[in-house]
Structures are given as C-alpha cells and as structure tokens.
Amino acid sequence: MTKKIIEAQVISNQKIAEGIFRITLDCAAAADATESFNAKPGQFINLYPRDKSMLLPRPISICFTERNRITLVYRVVGNGTRELSCHKEGDGLQISTPLGQGYHIEAMFEAINQDPSDHKTIALVAGGLGIPPMLELAKTIRTQIGEDRRIKLIAFLGFQEKAFLIEELSSFCHEVHVATEKGDFGFHGTVLELMEMQNIVVDYYFSCGPKPMLKALAAHCHRIEKPLQVSLEERMGCGYGACVGCTCKTKEEKDGLMRVTPKKVCKDGPVFFGEEVIWSE
Amino acid sequence: MSKQDLNLDVSKHRNLDLRVSIAGITLENPITTASGTFSAKESGAFYDIDELGAIITKGVSIAPWEGNPTPRIAETYGGMLNSVGLQNPGIDSFIKEELPYLRTFGPRIVVNVVGKSIGEYCSAVEKLNDTEVDMLEINISCPNIKEGGISFGADEKLAAELTREVRKYSKKPILMKLTPNVSDITEIARAVEAEGADGISLINTLLGMKIDIHNKRTVLWNKTGGLSGPAIKPVAVRMVYQVRRSVCIPIIGLGGIMTGEDAVEFLMAGADAVSIGTAALIDPTAPVRIKSELIGFMNRYGYQNLQQIRESML
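Residue numbers (this note's numbering), protein chains in the order written: chain A, 1 to 281; chain B, 1 to 314.
What the hints contain is simulated information worked out from the structure, not anything from laboratory work. Honestly, I wouldn't trust all of these hints.
[As the list claims (entries may be wrong)] Part of the chain B face toward chain A, derived, beta carbon under 10 Å:
1. 45
2. 46
3. 58
4. 63
5. 66
6. 77
7. 78
8. 218
9. 229
Backbone N, C-alpha and C fix where the C-beta goes; we use that ideal spot for every residue, glycine too.
With the hints as extra help, turn the sequences into a complete structure.
Here you go:
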C-alpha cells in the first residue's frame, strides 16, 4: 500500500497573521510506511476533523517539510479549520500521507537549460493562501540551483492586507517583491500589477492563488510565450481520486487531435501546465 | 489500520462464513463498494482490493458524459451533497481501458449502468453481454442528471418498463438501484421484481440543497445534489426493512454505513450484502475496516454466517 492515513503529532500551532495559522506536525508514524513522508512541492495532505459531524477531510497544501516534520499554513474559514486552530502541542491529528501531483521541477530545469549559456530567471507568483506551497517549492528549487549564479529565483507575492512568510521565502529566493491590495505593506495593488511595474524578464513561472489571478497570469504567459505551472484549487470530496468531485477541463493531444479532457484536481493535479488548462469556465 | 492487522483478525475466526449468493453468484463477503466512490487504482493505493466481496463501478453510459460543472461537493451536518452528474468516459472506453484492470482482482464485478432513455440503457447493457462482468446494477436513481436516472426510479410504470427492456437485452443478472425520493418504495420494488430484476440496491442519495448564506447562492453549481453519509442511514435502514418484507429477491443495502455495526443493522433489516460509499471517501480503508468490524461483531455474539444475522430480528 503506497498511501496511508496516519496519526501525526502537533509540535506547534500558532497564529502568524489575522486568521492565518501555522501548524507543524511530527509525521514519524509515516516514516516506516512504504512511502515515507516524502512530499513534493505542490502536494497536499488531507486533515481529518475530530468532530465527526464534519465528514470530509480538509485538503491543505504542504508549506514546508523537514525530515519527518511537515508545516502547513492555513486560514480559518469554517468549522474544520477553526477546530484545527485549537489543536495544542502534543495533540494527535489524523492526516493522510502526501496526495496529488506536485510541481514539475525537472520539466522546468529541462526547459531553461536548453540554452545553458544564458542567465535565467524563475518566478514564483502567488496570492494569499497560494503563498504557503511556494516555500517548499523555493527550498527545492534553490537546493537544486546550488551555487549556479546563472539562475535567479524571484518571488512575487500578493496579500490582501497582512503579509506572512516573507522572511522564510527571502531565505530561499534572490528577490522577494510584495504587494498588498490595501496598501499595508509593499506595493499598493495586485501582484500582477506589481509584476507589470517591475518589468522583469522571466523565463519560467510557477504559480498558486485565486483563480482570476491564475487565469490572468496564464494569458500573460501565453502572450509572452513563457512556460507556466499553476496549482488549482477546487472543492474536494475524498481528495484521493475516487469521487470525481473536483474536476477541471484540460486540453490533451490524442491521436494527433486536441481533445477536451476532464482531469481530477486532487489526483491529476493540483499542479497543471498553464497551457493545458481550459480557463473559460 | 494496516492490511496485516486486518488479516490477523480474519484468520483468528476461520469458522466464520461470510459468503453470500446473489442471483446465483457467490460473493466471498458482503462488502461491496457503492457506485461512484471507488477507483481500483486510487482505492488500491490504500488497501488490498481482494478483501472486497464485489466492486460496484462508477456509473457508465453508452456515450461519454461530461458531468456537471464544479463545485460538485458540499459538506452538510453528518453528510455530504454531490452533484457529479455521472461523469464517465462511456461504455467502450470502460470495456477497453478499465475492465481488464478490474479483472486482475478477485472480487465480483458489478457494473453500474446509467442512461437518458430506455434505448441508451439497453445499448449499454448489450455491450456488456460478452464481457467478463458478473452482474449489472441499473441506476434508475441518480438525482443529478436532467433526463433519465431518477425519472425512471420515481415512477412505478417507467421503472417496470425499463426493467422489462433491460432484462430482454442483458444476459447478466441485473440489480435495480432504487431512489429513496419516492412516497412508497415498496411499490417500485415490487414493480421491478415482477419484471425480472434479480436484485435490488437501495438507497441512492436523497435530493438536497445547501445555501452559502455569506455569498447568497447555492454551494453546488447544479443547485441541488444527492445527500449521502450517516445523516441518511435511518432512512436507508427503514427502506431496506420495508422492501425486504415486500419482495423475495436479494437486496444490497446502502446509505451511510460508517462502521461494522452499521453494516449489521442493514443485514438485520434484511439486506443480503452492503455497499460502502461516503465512508470510503472519508477513510479510504473503510471497506476493509468495516469488514473486520463485522467479523468482530459476529464473533462477539457467536454468529457463524450472515443468514443468522438476517434472521435474528425479533
């Protein structure tokens, strides 16, 4: 069996901004499973509420991993996340091992290394609760870049009001640009307006955030002919590909023809290539 | 719970007979997967599929169906709504791509068939005649599609006519999956039995709605959806009980079974086998856990087979 539901232990659970919490879990229970807690950036885990009147698991994207520890950053939006925010150090919490298809990092390196002489820039573009998964992604990309000075990793982050995870992202990114819609911090406006103003040439984009932002970024990347990977959000049922509750339409080439193919966000995604997603819905 | 723990449980009680026969086909145990809640590949990542008595597939139609736009899922108190709308790749793709993989496993295979007209149901079941499928479950109860589905299951005459036609075209045993959204379930059950149904599955979901009061709109794109989960279990148990006393053909009982004790309740009400649906969306290993809990219950009270449970109601 490659996937499991395990009992994790809460190491810490703190408020980091208004309504935003950071929880760190010890997942040693999964370490002896066939597939240990080997999470890829962009994957998520299911959290199971204790209150059984809430049936469905809460899928939350992985923010950071360190050996058998996993950190999630979440917003309290309903009863499930409210319950989650009440967990104290030492509490047990039922979670799944990592689920979904994460960011395709190899594909990115392959694309930008086609012309090894040039300097390259990779951008992480994220808004709101799309920002947490950027941390694990930034860590992974930065580790692979190593001392290679030709490759630059920059982040464009958009918040409504209060900013979070800026310091953490700054430790892995060469540059971090911040926008807040209410103007509390950094650029006053949206993350896309900020990008436009900065006018930095980017060779590869990774993104996560609200759908209108992803859609606009996909259109932008299409125009400038640069590759993009996006992480989509959808209301999920099971989170592991059984119920077909969360689908999105994609373009897929089959027998030389472009076909509209429904894909499962939880299983085939949440990460997709910008060019394959049909955004018109 | 790991597979190993479950096997230990079973091997301790070798004197138990969990087998059940439906329309002449023997299931090794009464645990089946409710249509639309199982995927051999995805569920198989969590547990050994050979532990199941039967696999009941997602609804399959003659042509591919897109399903409804999202959101398709909403959580409710002790339940959930879905409005997937029977998205499926069509019968040809099912036979070519999915069936060979399903056949690599031991459990019986029951294909859930859906359609918008009697003709569509008949064409689909005909295509399954010469396949290695064990049984069909004719879905006349989906509340999430505009034509077909529930409109057949909610009308005694239409249910009878559809059963009669499908019976004519199919060489396989057929189970009719009934909807609870009717005033008298026993009328429909008797009508499909009279037209040659080999068994009955009940219940499908109850039609429901959830409103997001902050955004002043329904949560589901489709506005309404099918309610499932423990919230509907008492309705399901009552209907199995009523139908058991109205027809002689076997019954697969389902609706909110979360534990082995829930499964026992359905057996006592008169079900021959049970399906696990919503529970498996929450805990992917639920079917095997429930099987192990059923064994635990039988052992505790000294039941040796399912017949004894079914006949135990005072």
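Run through the hints listed earlier and report the numbers of any the structure violates, in increasing order. 4 and 8
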